[in-house]
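Protein sequence lines correspond, in order, to chains A and B. Take the first sequence: its position 13, counted from the start at 1, is 30 in this note's numbering, and no numbers get skipped. Take the second sequence: its position 66, counted from the start at 1, is 68 in this note's numbering, and no numbers get skipped.
With the Cβ distance kept under 7 Å, some of the chain B side facing chain A (calculated, not the full set):
(1) Val50
(2) Ala99
(3) Thr106
Now the in silico label distances, taken between C-beta atoms and shown as ranges:
(4) B/Gly55 - A/Thr99: 41 to 49 Å
(5) B/Asn20 - A/Gly78: 36 to 44 Å
(6) A/Met62 - B/Lys58: 24 to 32 Å
Hint data in this document are derived by calculation from the structure and do not stem from the laboratory. Using N, Cα and C, we set each Cβ at its ideal position, and we do this for glycine too.
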Amino acid sequence: GAVVSQHPSRVICKSGTSVKIECRSLDFQATTMFWYRQFPKQSLMLMATSNEGSKATYEQGVEKDKFLINHASLTLSTLTVTSAHPEDSSFYICSARDPRGTGETQYFGPGTRLLVL
Amino acid sequence: ELKVEQNPLFLSMQEGKNYTIYCNYSTTSDRLYWYRQDPGKSLESLFVLLSNGAVKQEGRLMASLDTKARLSTLHITAAVHDLSATYFCAVDPTGTASKLTFGTGTRLQVTL
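Extracted from the complex, chain B is given alone in its bound form:
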């Protein structure tokens, strides 16, 4: 059974600080996704990582994928309050954007 674990589960950080969210998974996969979910809302796609060593950046968020270590990171630079949300990684072992297995989620709270 594929397991996807995120660390930490909850993160409270001050504006302006940097931090990294980790996503570990238990089986081989070359595809990994990061999503954002605001309270009461659905998922917003942030990043699609399609190969080992992939790195993508958008604004204050940067995601990377190490398929050999089965690890992805989501790095937050100089956090702002608007980044407060829950972040999920999802693994796609089929490589066909099907049967996604989601991580446990990381609830990020950025305080002023």
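Only chain A is shown next, with the shape it has when bound in the complex:
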């Protein structure tokens, strides 16, 4: 299947700083990528849909000014957590839909674990 990478895999930062997470599709071009957040022992929650060349679509309750998404190329989407606070500590996972074939599934990155002190 298609490969999606994320960087970094783990990050620790101080409260009030900003953190950027990269999501790359390695062997295909993705016009659409998705960002999820997962708190410990909970399910995944879709945060936003990242659209190449246009603004991201945020889910209800997700602050777009706090979670900045940029999808500047067909293989890269970035999520920036601005002025991070301890409650933003979570596991952030991106995914991408492979447009080749039927495009019937999303491929998930390995995730980024964020700890805000």
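Since chain A is already given, all that's left is putting chain B on it; use the hints.
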């Protein structure tokens, strides 16, 4: 609001036994996905079910979809320890592999 519920939330079973995990959802959808997540890891795709009556099998796992009942099942046959993980179903009401709504997850522990 779409709700996706899994039952049970936690399952402890012995090796060699059979069991079924259930995934109920609250709105019409012809697409449903099953994923596996190991501790500290991301999601691994197990099955993509694209229509009513779809049944897929891989090894000791078999998944089915009944869109009329809004129910999917993940059946485990003769469980082995390596199957210990958390299993999520996810519903895709748009039918475009977008805006997935995930179930609550079922943590499976297979004991020796």
